[in-house]
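Peer 1: Go by the hints and put chain B with the ligands onto chain R.
Spelled out, the chains give:
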Amino acid sequence: MGTNATVAKPPKAAKFRGEVFINNDRCKGCGFCIEFCPPKVLVTSEKYNRHGYHPPALANETGCTGCDLCGLYCPDFAIYGIRVPIEGAVAQRA
Amino acid sequence: MGMTTAVNPVEPLLRSERMPHLWCPGCGIGTTVNCFARALERSKLPLDKVAVVSGIGCTGRVAGYINLDSFHTTHGRAIPFATGLKLANPDLTVAVYSGDGDLISIGGNHFIHAARRNVDIKVICVNNFIYGMTGGQVAPTTPLGAVATTAPYGSFERPFNLPFLAESSGAVYVARWTAYHVQHIAHSMTEALRKKGFSFIEILAPCPTLYQRRNKLGDGLDTMRYYKERSVIKNGASTRDLDLDFQGEITVGKFVDVERPTLQETMDRLYRQRLEDRYFGWRQP
Ligand SMILES: Cc1ncc(C[n+]2csc(CCOP(=O)(O)OP(=O)(O)O)c2C)c(N)n1
Ligand code: SF4
Ligand code: SF4
Ligand code: SF4
Ligand SMILES: [Mg+2]
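As they're listed, the protein sequences go chains R and B.
Going by the working numbering, the first sequence opens with residue 1, and the numbers climb by one from there.
Going by the working numbering, the second sequence opens with residue 1, and the numbers climb by one from there.
Per the computed footprint, the stretches of chain R lying under chain B, defined by three or more beta-carbons under 8 Å from a beta-carbon of chain B, are: (1) 27-34; (2) 64-72.
Only pairs whose alpha carbons sit at most 20 Å apart, straight line, appear in this in silico EDC-like list of lysine to aspartate or glutamate: (3) B:K195 - B:E259; (4) R:K40 - B:E229; (5) R:K40 - B:D222; (6) B:K228 - R:E35; (7) R:K40 - R:E19; (8) B:K49 - B:E11; (9) B:K234 - B:E191; (10) B:K196 - B:D257; (11) B:K228 - B:D245.
It is worth saying that the hints were derived from the structure and are not from the lab.
Backbone N, C-alpha and C define an ideal beta-carbon position, used for all residues, glycine too.
So here's chain R without its partners, still in its complex pose (with noise of 0.2 Å):
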């Protein structure tokens, strides 16, 4: 998932999947991982933290590509992502 779809390469076998954690609680709903997530996987969520502000949400569940935008931009150290190797995926590569 999240690689461009340029045109007529053979589809990959995809080696990582992308996860992301959310820290609710130091969330201060400044928006910037929801802008800027490259495939645009966040959303506000409608609850709020124990500080009032809404956090952030994944929207699509295996959208995250695991690129760790969000928490490069996150001012607030709440939310991050990671690449999981998906077993059998690199021995599998034609």
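Peer 2: Just chain B with the ligands now, with coordinates in the frame of chain R:
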């Protein structure tokens, strides 16, 4: 998903027990700290050999949140403190992390002379165009016409062009980015951490509470969008051409990356010449 154990890459660098920090929602300072954490990791420097020195201000609080040897000094004096720290501990990498007011207003004299002498320190200046912590007074960086507490009808002073000031004073590494350019900041910080000599990185950052509110510029995200839309990357541009106008185009990039002997090296070389084997230089106690 519970299966993975992971930590935020910035977490080991933070004094986590002090979170949440005091910075306002949408303030850009924290964003730069993420970049600094990535840069430290990439630089592969042993963390017990890195020190951070801040002055006073919202940006100055970085020293208090970073889990390294860090020093929150008096207003304007981060650079002289860092100079002493570096000269007495030549194996330390010393980063000064402070605001535009602290470094360039009250600390302006130290800034130009440390650059002139090529003191081997890395200066990270978070420029939010204002004195944030004290309530939004005009700084030497406030754009012409921008409103501040002390300029209710707009600032009528010409602001400094910081990269030009740094280069003409003698800095060997000069870059400017905005808080939008997170990858570039991390890259420049990595280069500066590895560079020998006076290195300067200016980072424009949103201050929604004091700079933007008075100027009706919306919230932090509005400023991040402005940076995205109006920044132009011109690596190697002449620093003369980097003036900033109120809400105008922003030239960003790496402008200077040259070699010049540091203060320590010049002193050692000269003294060795003059004093020969009577000169021992400074040794770590
Ligand atoms: C000797 C002295 N003079 C004045 C002050 C008040 N003071 C504290 S922070 C500050 C300016 C901070 O501006 P900047 O460095 O831009 O930091 P920011 O809060 O914008 O990050 C001033 C004038 C002080 N603490 N000490
Ligand atoms: S890691 Fe990247 S893709 Fe995943 S949520 Fe964060 S910014 Fe979006
Ligand atoms: S960037 Fe951080 S503080 Fe801002 S909305 Fe996202 S998680 Fe919250
Ligand atoms: S006053 Fe401005 S610089 Fe200070 S924490 Fe708030 S937004 Fe950041
Ligand atoms: Mg400031």
